[in-house]
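Novice: Line by line, the protein sequences give chains A and B.
Residue numbering for the first sequence follows this note's numbering, beginning at 1 and increasing consecutively.
Residue numbering for the second sequence follows this note's numbering, beginning at 1001 and increasing consecutively.
Simulated from the structure, these hints should not be mistaken for laboratory data.
Hints are not guaranteed to be accurate.
Per label pair, the in silico range of CB-to-CB distance [claimed, not checked]: (1) A:E222 - B:A1324: 33 to 43 Å; (2) B:A1033 - A:K303: 50 to 60 Å; (3) A:L34 - B:R1329: 20 to 30 Å; (4) B:D1176 - A:D321: 23 to 33 Å.
Facing chain B, according to a computed beta carbon distance under 10 Å, are these residues of chain A, among others [as the list claims (entries may be wrong)]: (5) D229; (6) G282; (7) F314; (8) L331.
Given the structure is predicted, the values throughout are model-derived calculations rather than measurements.
All residues carry an ideal CB built from backbone N, CA and C; glycine is no exception.
Protein chains: 2
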Amino acid sequence: MQPRRNIGGAGLTLLSYAVEVCVENGAKTMALALPEKFNVALIQMSCGSEPADNLAKAIDRIADAARQGAHVVCLPELFQTQYFCQREDAVLFDLAEPIPGEASRTLGEAARKNKVVLIASLFEKRAPGLYHNTAAVFESDGSLRGLYRKMHIPDDPLYYEKFYFTPGDLGFRAFDTSAGKLGTLVCWDQWYPEGARLTALQGASILFYPTAIGWHPDEKAEFGAAQHDAWRTIQRAHAIANGVYVAVVNRVGLETGNIRGNSAPGKGLEFWGGSFFCDPFGRVLAEGSYDKEEILVGEVDLKHLEDTRRNWPFLRDRRIDSYAPITSRMLDGK
Amino acid sequence: MQPRRNIGGAGLTLLSYAVEVCVENGAKTMALALPEKFNVALIQMSCGSEPADNLAKAIDRIADAARQGAHVVCLPELFQTQYFCQREDAVLFDLAEPIPGEASRTLGEAARKNKVVLIASLFEKRAPGLYHNTAAVFESDGSLRGLYRKMHIPDDPLYYEKFYFTPGDLGFRAFDTSAGKLGTLVCWDQWYPEGARLTALQGASILFYPTAIGWHPDEKAEFGAAQHDAWRTIQRAHAIANGVYVAVVNRVGLETGNIRGNSAPGKGLEFWGGSFFCDPFGRVLAEGSYDKEEILVGEVDLKHLEDTRRNWPFLRDRRIDSYAPITSRMLDGK
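Pulled out of the complex, with its shape left as it was, chain A reads as follows:
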């Protein structure tokens, strides 16, 4: 009942890639060994009214993160704009782009230039009238490794996402990268243990949650602390239940959904920052402020992950013979 080895500091680690010779079916192939340790960077940023400025800022921050030793970088949800879902306006579908497209090419180029794996949240135009909230994963050579389309779509006052985003149809995903298997989920997914489980079972060492969550100014005094705490708690629990690292990347700042001078009415949303990185036992190793732009860097250590799971062997005892009813809406016989 004990993880016997403690986590070291989240300091910088030089990545060493040993080139191995593999013999498969008699043919010699060269394979790149995956790192046992690597650094991830969480870009907590604010988003202004000009999409091009936000993209340029993100590109700068990716370079900053690489200079700080990051091998994997994650940006917040829909970082190219203020959070436009504060109003329902069909004109705003113009913000979406196909993938590949101009933004994805710029981001891929930033990944290549800085030699980082990059997870970037994009408003994807898939077909006329068909849009997704999508996390794109870029390899460190600039290639697009794949897409995850947000599976759980919220709809709450000022978070009118069901208007914009068709629920994902690619399922839950972990991607093979030069940093090993990385899991991608997006914001509202963070409230669903099923999403974390199905991503972790694919072998992800870490789950990334690009996020846009904040307080309604009128409610913050009464409910703000409990809301933030519930959000932090449930995501730490995904780390614990699955024995994986978790990286949550939120935006900061008060926004009214201002896109080139056109805002939603009302008091807006105060995005609460608080991006964090926790280990496979839910220990928070790095955590951002509520109100400042920051780059958090943390270390993923596969030896620590292995050690945690050996001492708390939750995956060993899952009752997979009994979980099938989880595909029910309610178990009420109706």
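We have chain A already, so just place chain B on it with the hints.
Specialist: Relative to chain A, chain B alone:
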């Protein structure tokens, strides 16, 4: 994104049962309306070497809880003995009893006498060589409402449960009682989001976790805080994910598994208490100490549960079309 109504204090509430006349298929029947609010009591207790003494103590505490206004009472896991799973010894199967049996009759009588619904964890002898770790639910008239047999069975140093307990074959369960639907799970189940989900989906307003968890004395200084925090965090997360109350009932005290003078060698386990009761947004409303016997009383308020779920509508957006692979051991194609 906001539970707009705050929880009141966990004060005592008089239960009022209105007798309603229901007309069903033309026949008039009398039905007891379920309470909108009720109090639950969590009995945090230490367990000595004499089983009869532990049972007598539990019976006293049930009466105490009833005097404090409890309508539902939950005892810790296997409260009749010290935690015997610290050693593997076939003689200890003698501690098990059939249900119904002597202990269950005594407990049912205590439920009736104190007019409480009672959740009691028992070492169940089902057949020669077939034993379970079972939560028995007694109605306030003393009748046995049903059994939940612990589904996830641990096996770790000093927690040799796989030797004693056959994994449950009744699935996850919520029971109809005079306090409405109550969910029962046991200890190691607390690390599995699937168990919480499958119990909550049956309509439980509250999940009970009778528990026996503690520190290895040699590890407490280095890992104790993280272990306790992970345990508390994941169970709060079950409340949040499912919009249900959660009641965790642990034992306290250092034990060597002493049963009538026969102990396991070694330093034993320090059971960490810390029983707690939290609301459907994971807010801890009552919490026990690490080292003292206590009775915690908290209020379940169905209006608050409804309100929490309306404002954080997680159940609305579950992607039940995509969860089927959760019945896999790993999603590794092997």
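Novice: Is the shortest C-beta separation between A:G282 and chain B less than 10 Å?
Specialist: Hint on A:G282: holds, closest Cβ of chain B at ~5 Å, below 10 Å.
Novice: Taking the beta carbons of B:A1033 and A:K303, is their distance inside 50 to 60 Å?
Specialist: For A:K303 against B:A1033, whose Cβ atoms are near 58 Å apart, the range 50 to 60 Å holds.
Novice: With chain B as the partner, please determine if A:L331 meets the hint condition of a C-beta pair closer than 10 Å.
Specialist: Holds: closest Cβ of chain B sits about 4 Å from A:L331, inside 10 Å.
Novice: Given a hinted range of 23 to 33 Å, is it respected by the beta-carbon distance of B:D1176 and A:D321?
Specialist: At roughly 25 Å between Cβ atoms, A:D321 and B:D1176 fall inside 23 to 33 Å, so the hint holds.
Novice: Taking the closest Cβ pair, is A:D229 under 10 Å from chain B?
Specialist: holds (7 Å)
Novice: Is the gap between the beta carbons of A:L34 and B:R1329 within 20 to 30 Å?
Specialist: holds (22 Å)
Novice: Given a hint of 33 to 43 Å, does the C-beta separation of A:E222 and B:A1324 actually sit inside it?
Specialist: holds (40 Å)
Novice: Mind checking the CB of A:F314 against every CB in chain B and telling me if the closest is under 10 Å?
Specialist: Interface hint status for A:F314: holds (5 Å vs cutoff 10 Å).
Hint compliance for this structure: no hint is broken.
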